[in-house]
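Dock chain B against chain A, hints included.
Protein chains: 2
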Amino acid sequence: MKADRIYNFNAGPAALPLPVLEEIQESFLNFAGAGMSVTEISHRSKWFDDVINDAVARVKRILKLDDRFHVLFLQGGASMQFCMVPMNLLGAGDSADYVNTGTWSTKAIKEAKIQGKSINMVASTEDRNFSCIPQAISFSADAVYAHITSNNTIKGTHWAHFPETGGVPIVSDMSSDIFSRSLDIEKFGLIYAGAQKNMGPAGVCLVIIRDDLLARTPGDIPTMLRYTTYAEKNSMYNTPPCFAIYTVQLVLKWLEETIGGLDKMAELNRKKAGLLYDYMDQSGFYRGTAEKESRSLMNVTFRLPSEDLEKTFVAEAIKNGLGGLKGHRSVGGCRASIYNPTPLAAVEALVDFMKAFERKHG
Amino acid sequence: MKADRIYNFNAGPAALPLPVLEEIQESFLNFAGAGMSVTEISHRSKWFDDVINDAVARVKRILKLDDRFHVLFLQGGASMQFCMVPMNLLGAGDSADYVNTGTWSTKAIKEAKIQGKSINMVASTEDRNFSCIPQAISFSADAVYAHITSNNTIKGTHWAHFPETGGVPIVSDMSSDIFSRSLDIEKFGLIYAGAQKNMGPAGVCLVIIRDDLLARTPGDIPTMLRYTTYAEKNSMYNTPPCFAIYTVQLVLKWLEETIGGLDKMAELNRKKAGLLYDYMDQSGFYRGTAEKESRSLMNVTFRLPSEDLEKTFVAEAIKNGLGGLKGHRSVGGCRASIYNPTPLAAVEALVDFMKAFERKHG
Numbered sequence: 001m002k003a004d005r006i007y008n009f010n011a012g013p014a015a016l017p018l019p020v021l022e023e024i025q026e027s028f029l030n031f032a033g034a035g036m037s038v039t040e041i042s043h044r045s046k047w048f049d050d051v052i053n054d055a056v057a058r059v060k061r062i063l064k065l066d067d068r069f070h071v072l073f074l075q076g077g078a079s080m081q082f083c084m085v086p087m088n089l090l091g092a093g094d095s096a097d098y099v100n101t102g103t104w105s106t107k108a109i110k111e112a113k114i115q116g117k118s119i120n121m122v123a124s125t126e127d128r129n130f131s132c133i134p135q136a137i138s139f140s141a142d143a144v145y146a147h148i149t150s151n152n153t154i155k156g157t158h159w160a161h162f163p164e165t166g167g168v169p170i171v172s173d174m175s176s177d178i179f180s181r182s183l184d185i186e187k188f189g190l191i192y193a194g195a196q197k198n199m200g201p202a203g204v205c206l207v208i209i210r211d212d213l214l215a216r217t218p219g220d221i222p223t224m225l226r227y228t229t230y231a232e233k234n235s236m237y238n239t240p241p242c243f244a245i246y247t248v249q250l251v252l253k254w255l256e257e258t259i260g261g262l263d264k265m266a267e268l269n270r271k272k273a274g275l276l277y278d279y280m281d282q283s284g285f286y287r288g289t290a291e292k293e294s295r296s297l298m299n300v301t302f303r304l305p306s307e308d309l310e311k312t313f314v315a316e317a318i319k320n321g322l323g324g325l326k327g328h329r330s331v332g333g334c335r336a337s338i339y340n341p342t343p344l345a346a347v348e349a350l351v352d353f354m355k356a357f358e359r360k361h362g
Numbered sequence: 001m002k003a004d005r006i007y008n009f010n011a012g013p014a015a016l017p018l019p020v021l022e023e024i025q026e027s028f029l030n031f032a033g034a035g036m037s038v039t040e041i042s043h044r045s046k047w048f049d050d051v052i053n054d055a056v057a058r059v060k061r062i063l064k065l066d067d068r069f070h071v072l073f074l075q076g077g078a079s080m081q082f083c084m085v086p087m088n089l090l091g092a093g094d095s096a097d098y099v100n101t102g103t104w105s106t107k108a109i110k111e112a113k114i115q116g117k118s119i120n121m122v123a124s125t126e127d128r129n130f131s132c133i134p135q136a137i138s139f140s141a142d143a144v145y146a147h148i149t150s151n152n153t154i155k156g157t158h159w160a161h162f163p164e165t166g167g168v169p170i171v172s173d174m175s176s177d178i179f180s181r182s183l184d185i186e187k188f189g190l191i192y193a194g195a196q197k198n199m200g201p202a203g204v205c206l207v208i209i210r211d212d213l214l215a216r217t218p219g220d221i222p223t224m225l226r227y228t229t230y231a232e233k234n235s236m237y238n239t240p241p242c243f244a245i246y247t248v249q250l251v252l253k254w255l256e257e258t259i260g261g262l263d264k265m266a267e268l269n270r271k272k273a274g275l276l277y278d279y280m281d282q283s284g285f286y287r288g289t290a291e292k293e294s295r296s297l298m299n300v301t302f303r304l305p306s307e308d309l310e311k312t313f314v315a316e317a318i319k320n321g322l323g324g325l326k327g328h329r330s331v332g333g334c335r336a337s338i339y340n341p342t343p344l345a346a347v348e349a350l351v352d353f354m355k356a357f358e359r360k361h362g
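Protein chains in written order, with our numbering: chain A, 1 to 362; chain B, 1 to 362.
Next comes chain A alone, as it looks inside the complex (with noise of 0.2 Å):
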């Protein structure tokens, strides 16, 4: 940890790789050799069409993505695609189905049914307050898509498996857990993610959506609400969100240079949320309020034996250096997110936290 900074566990906007703030930060007065900071340049330049090919380059690498996909960066966050996924897919007589999962899937069933759209609710864990994710879900066959939310961010739990749907293509908010884990791409029509937890600050949502499914764009609706808008002008139909947008290209450079590449990711988020579970589960203190099969392992939910030793808990975290252990203000508790960008020793650091804090007050 660098002398002033925290270890910061918030679940989002969420920590970034300290050596990007420090790239953004030595280069912010003159990117590039442009004269300009990045905030200064013009889309329209040379510099940014570096950076915003880069960044869509490094989405497919990823992710293995092959050309049926295309790779957009837009406004508005996970929310706006919430409205803009049934109003682009669906049109007179489709139907879609919809997985509850949480805060996050209910609002995008919302905006969905908010425009008149026919979608099937097929599974919910809500009658179980959301603490796993369903299994054995029958979907419809005739479905135009399937919406899930891979990650849960205020139960704390996600799809340790994707579902099998016959051949419907999963359209997925993985606005907290893109890049965490790799994919099979071939279950997936389309992906959105804010970028303010695994991949950059706020102000971006990228969404990666198949040819196919962009064919079903109607005409009729607003520019700015069609995605074939974004596909057709590489996400500069209009003036895109360019600095969250080199953040993430400089966060996914990052992930493959720094980092080794997703599979090596995917081994650092395991061990990550494996040394809090393990933890937790020897504890008898904290109390895991996700179930053990659909654990998330970007945001660790738990609770101490009382509400008012929560609150002693962070308060004596943050003067520890350990920031945004408090829960979110819905559900109360503890939750600690532990995006891409955490590394290891702050999660040691929590867990040796942890355990003296349950020593003093266990």
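Because the hints were derived from the structure by calculation, they are not lab data. Treat the hints with care, since some could be wrong.
The list cannot tell twin chains apart, which means a pair is met if one copy fits it or any two copies do.
[Said to hold, decoys possible] Below, computed lysine to any residue pairings styled on SDA-like, alpha-carbon distance capped at 20 Å:
#1 311 - 45
#2 360 - 131
#3 64 - 352
#4 107 - 315
#5 107 - 237
#6 360 - 120
#7 117 - 219
#8 46 - 319
#9 233 - 328
#10 46 - 321
#11 46 - 316
#12 187 - 122
#13 46 - 318
#14 319 - 259
The following block gives chain B in isolation, referenced to the frame of chain A:
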């Protein structure tokens, strides 16, 4: 000019005040003592609350907005507002007036029509190649709003005086002249502005909306496309573009505390534009493309005697540390964008260069 920086005349993204860039750079690894970068702090934290609340307060103070006005930060740029304005403000049976003064007005009109909204194009200067602003317009008494583009970046024109609409609220795209001069706010119902010209980096769009227009927002459109969603949650229904809002806050602080407020800013802008236009008018070598009474104070568009000379001009300018002088790709020629952050010294350096170039090639 700092040793390795150029004078930047880009049309957007554009120059930012050097002290703002330096402050961002200096605190980039540790924002306000948080031990985190401003890109890593939670939008639900006290740190970010202070940023967005200060930004909102400065917008209200600079433009002398009373409590009827709501200050919102959205994503998607002005292009997203082209669709959101009619989507939110025009119900069944409603209609609005639009004035066409160039590329961006044309796009705003197109996005209203795509949605099947009833609009009247009450004036256009297309027949004069958009080289001026129309005069003596008859606005419709029953229009919900009258849409204008206050400054036209491509053709280099602006509304020197805002039109009398007989009480119909003006909705204005002010992306390229927001905060460049004082406004009679009584005339306006909604103002929108992409940040990347006069107030920040790309990735955030300021929307100022009056109570009576906000009340028109329908409840049955997607959540992220409703103005009320942003008004009810201080622009934080979902994660906002934190870094871009933070930069806007710093630019507005610079405008108030370093420049000395909007009147001083306007005076400086008149002086900067005056230097360029006065020189061009007496040169005979450079020819302004906008009609005199409609000349923009932000985008000074001009031609040289030949396209070859224009190419040479742009190429030699960059060798002299003057960047971004090429005209928009749709019209050619040259353009010096001199938004708020462009210092007087930059314009003086440009005029000196233009004189030397004229002596050599004239």
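Hints, one by one, checked against the model:
1. In the homo-oligomer, the alpha carbons of residue 311 and residue 45 lie at most 20 Å apart only across protomers (16 Å), although the nearest pairing inside one protomer, at 50 Å, exceeds that limit.
2. In this homomeric assembly, residue 360 and residue 131 never come within 20 Å of each other (Cα to Cα): the closest approach is 29 Å inside a single copy and 76 Å across copies.
3. With identical chains, the CA atoms of residue 64 and residue 352 are never at most 20 Å apart, being 37 Å at best within one copy and 53 Å at best between copies.
4. In the homo-oligomer, the alpha carbons of residue 107 and residue 315 never lie at most 20 Å apart, since the shortest distance is 32 Å inside one protomer and 52 Å across protomers.
5. Taking CA atoms no more than 20 Å apart as the test, residue 107 paired with residue 237 passes between copies only; the shortest distance there is 12 Å, against 28 Å inside one copy.
6. Taking identical chains as interchangeable, the C-alpha atoms of residue 360 and residue 120 are never at most 20 Å apart, the minima being 50 Å within one chain and 73 Å between chains.
7. In this assembly of identical chains, residue 117 and residue 219 lie within 20 Å of each other by CA distance both inside one copy and across copies; the values are 17 Å within and 16 Å between.
8. In this assembly of identical chains, the alpha carbons of residue 46 and residue 319 lie at most 20 Å apart only when taken from different copies (17 Å versus 46 Å within one copy).
9. Taking the shortest alpha-carbon separations for residue 233 and residue 328, only the inter-copy value of 17 Å comes in at or below 20 Å, while the best intra-copy value is 38 Å.
10. Taking identical chains as interchangeable, the C-alpha atoms of residue 46 and residue 321 lie at most 20 Å apart only when they sit on different chains, with a minimum of 17 Å there against 41 Å within one chain.
11. In the homo-oligomer, the alpha carbons of residue 46 and residue 316 lie at most 20 Å apart only across protomers (18 Å), although the nearest pairing inside one protomer, at 49 Å, exceeds that limit.
12. With identical chains, the CA atoms of residue 187 and residue 122 are at most 20 Å apart within one copy only, with a shortest distance of 18 Å there and 52 Å across copies.
13. Proximity of residue 46 to residue 318 under the C-alpha cut-off of 20 Å is restricted to the inter-copy arrangement: shortest distance 15 Å between copies versus 43 Å within a copy.
14. For the homomeric pair residue 319 and residue 259, neither the shortest alpha-carbon distance inside one copy (30 Å) nor that between copies (40 Å) is at most 20 Å.
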